[in-house]
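S.K.: Chain by chain, the residues:
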Amino acid sequence: MPKPEEIKARIEAALPGSRVEVEDFTGGGDHFRATVESPAFAGKTVLEQHRMVYEIFGAEIGGPIHALSLKTKPL
Amino acid sequence: MAMSTIEIDAQERQELREQIEKVIAEHEVVLFMKGTPEAPACGFSARTVAILQALGKPFAAVDVLVDPRIRQELSALSNWPTIPQLFVRGELVGGCDIATELFESGELAKLLGVEQPTQPPEEQGVGLTQIENRLG
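Sequence order for the protein chains is F and C.
If you count the first sequence from 1, position 69 lands on 69 in this note's numbering, and the numbers rise without skipping.
If you count the second sequence from 1, position 129 lands on 129 in this note's numbering, and the numbers rise without skipping.
Note that these hints are calculated values from the structure, not bench results.
Errors might be hidden in some of the hints.
[Said to hold, decoys possible] Computed cross-link-like contacts, PhoX-like style, restricted to lysine-lysine with a CA-CA straight-line distance of at most 25 Å:
#	chain 1	residue 1	chain 2	residue 2
1	F	Lys73	C	Lys110
2	C	Lys57	C	Lys22
3	C	Lys34	C	Lys22
4	F	Lys44	C	Lys110
5	F	Lys3	F	Lys71
6	C	Lys57	C	Lys110
7	F	Lys44	F	Lys3
8	F	Lys71	C	Lys34
9	F	Lys73	F	Lys3
10	F	Lys73	F	Lys8
11	C	Lys110	F	Lys71
12	F	Lys71	F	Lys8
Only a predicted model underlies this, so the values are computations on that prediction, with no experimental measurement involved.
With the rest of the complex left out, here is chain F:
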């Protein structure tokens, strides 16, 4: 199961120039909360912004990453 630091690193790699914070909010290793601010989000709806982050993880969402709660904003 991934760690918050890994999730953060993957988001940063996929969205260069972004500010990312990830925490494990149940302590159980599979429910994460991420705040992502990225220039790539400019002009995109919140829906599209969230989709961009989920797409980084593909099929892992719902699996090893049971839950990834998101707050996103353009930077």
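Fit chain C to the known structure of chain F by using the hints.
M.R.: Positioned in the frame of chain F, the structure of chain C alone reads:
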């Protein structure tokens, strides 16, 4: 004449997808969730239900736990990986996070054509605590 397993699967999936599309098209507000509004099976679904109930807007609910293929077909359709999924007038609004943000900003009330409530949403307990809630 026996059809191959693959053909049957594809046909059932197509029917399932059509059913899902129909539900989305025929109801102004649809929530695909885990469990039911009376008995949500996950905290995110419970929170989204509570928001819709606080807004007083009638909605159709689909329990995706009934059949794992519902979730698969829904995600393929909506291009969204998680549950719950809230649709309004045929379009995906988002999951619990987005619904919460839009609720707090008053945008969800506007989208649904209702007044922003003054009371905060009351979340139904998930699981056993529901019995206690009803007696209390």
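S.K.: Take the hints in turn and mark each one as holding or not.
M.R.: To see whether the hints hold, each was checked on the structure:
1. For a cut-off of 25 Å, the pair hint linking F:Lys73 to C:Lys110 stands: about 21 Å separates their Cα positions.
2. As the CA atoms of C:Lys57 and C:Lys22 are separated by approximately 20 Å, the hinted pair is consistent with the 25 Å bound.
3. Restraint check: the Cα-Cα separation between C:Lys34 and C:Lys22 comes to about 19 Å, which is no more than 25 Å; the hinted pair holds.
4. Only pairs whose Cα atoms come within 25 Å are accepted, and F:Lys44 paired with C:Lys110 is accepted, the gap being roughly 20 Å.
5. Our distance criterion of 25 Å between C-alpha atoms is met by F:Lys3 and F:Lys71, whose separation comes to about 18 Å.
6. Distance check on the hinted pair: C:Lys57 and C:Lys110 sit about 11 Å apart at the alpha-carbon level, within 25 Å; holds.
7. Of the pairs offered as hints, the one joining F:Lys44 and F:Lys3 is violated, with about 28 Å between alpha carbons and a cut-off of 25 Å exceeded.
8. Distance hint between F:Lys71 and C:Lys34 is fulfilled; the C-alpha atoms sit about 22 Å from each other, no more than 25 Å.
9. Distance restraint check for F:Lys73 and F:Lys3: the Cα-Cα separation of roughly 23 Å lies within the 25 Å cut-off, and the hinted pair is therefore satisfied.
10. Annotation: proposed proximity of F:Lys73 to F:Lys8 holds, straight-line Cα distance about 16 Å (limit 25 Å).
11. For the proposed pair C:Lys110 and F:Lys71, the alpha carbon gap of about 21 Å is at most 25 Å, so the pair holds.
12. Annotation: proposed proximity of F:Lys71 to F:Lys8 holds, straight-line Cα distance about 13 Å (limit 25 Å).
Checked against the numbered hints given earlier, the structure breaks only hint 7 and satisfies all the rest.
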